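Visitor: Protein sequence lines, in the order shown, are assigned to chains A and B. The numbering of the first sequence is the numbering used here, which starts it at 95 and goes up by one. The numbering of the second sequence is the numbering used here, which starts it at 106 and goes up by one.
Bear in mind the hints are in silico, worked out from the structure with no lab data behind them. Here the structure is a predicted model, which is why all the values come from computation and not from measurement. Zero decoy hints are in this set.
Here are the computed distance ranges between Cβ atoms for each label pair: (1) I218(B) with F177(A): 42 to 52 Å; (2) Q242(A) with V131(B): 36 to 46 Å; (3) F235(A) with E155(B): 27 to 37 Å; (4) H127(B) with C149(A): 26 to 36 Å.
Residues from chain A that keep clear of chain B, each with C-beta distances beyond 12 Å, as calculated: (5) Q233; (6) W237; (7) L240; (8) V245; (9) F262.
Positions of the beta carbon are idealized from the N, C-alpha and C atoms, including for glycine.
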Amino acid sequence: MSNSPVTHTDHTAAPHSLESLVSDWSTDQEVFKKVQWGKAMMWIFLLSDTFIFSCFLTAYMTVRASTVVAWPNPSEVFALTLFGESIPLILIAIMTFVLISSSGTMAMAVNFAYRRNRKATGLLMLATAALGAMFVGMQAFEWTKLIQEGVRPWGNPWGAPQFGASFFMITGFHGFHVTCGVIYLTTIAIRVLNGVYERNGKYEVVEIAGLYWHFVDLVWVFIFAFFYLW
Amino acid sequence: MDKAASAMQLDDDPDANAGQQHPIGVYLKVWGYLFILSAFSYMVDYFGFEGLLRWSLIIIFMLLKAGLIVSVFMHMVWERLSLIYAILVPPLCLAVLVGLMALESDYTFWTRIVFAGNETPLIEGH
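The task is simple: from the sequences and hints, build the whole structure.
Guide: The structure is reproduced here in structure tokens:
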């Protein structure tokens, strides 16, 4: 009868005030007020993923800092010869720009989703997925090239044997995330274009997919800095 | 029933759904910044900066990019403080892990130098 939620009394506190923090966390039922359930859960998942990737990067830091053999120079290892000139790290730079572009198109898709623009949302998501697929393709090329040059998880021609293990583990796990993201985004894009969310009004699904995709880009920022540039 | 009612209330709440609707210009601007910052980080490698300069530039550009992505693309600046803290505070534990492993790897490195000596194949490449 009178079980209307008492938990909603504190909506008055400004969302960025410490008062809202305390009242949100001290209520019985829902901590994340005005946040859709799926979105809160995606954030929690991304938090756990942050820990996984951080463990990989920390492991990489540990082996790199403790080896007494010179670490292979990524600038040379990932150089490509284009137009008769060897350009350092060029493939990785292109991959970085592709992934950032995809993050931009995804942000646009989320924006159009909240404007209830079905077609623009769906097409921008498909564009994002296509850029993601392009990224995975370039990564496959990079792996092939390195394997042909003799890089293995237990050794490589240029120096510290831990290089291969770190490389395959970190970029492999990231590439796996991108691949999953491409499938995820394509699925949601098709549902958007079919008008599923127009009917049930749950356009936040697009924002949640966007969170995942931006996270994949975010992880790449750290991999790019620590693995390729360091 | 109670749950459904409150969920509906949430859906009808105008700023529950419209809460993350922001002008496109903000996204385009951030997108542009991300391109510029990525170009800068690539330049660090291209021009071959070394030592402290290299590391600080890499870290600065990395943190700026990460901040822009999380705050604007992932809408973190517009979320409630309870969510922001729930997501951004736990990763601070990782700083402890990194610190511990940095100490540990330093110890391993010097142990290898001291005990492996010069005649092991480990450092033959030098």
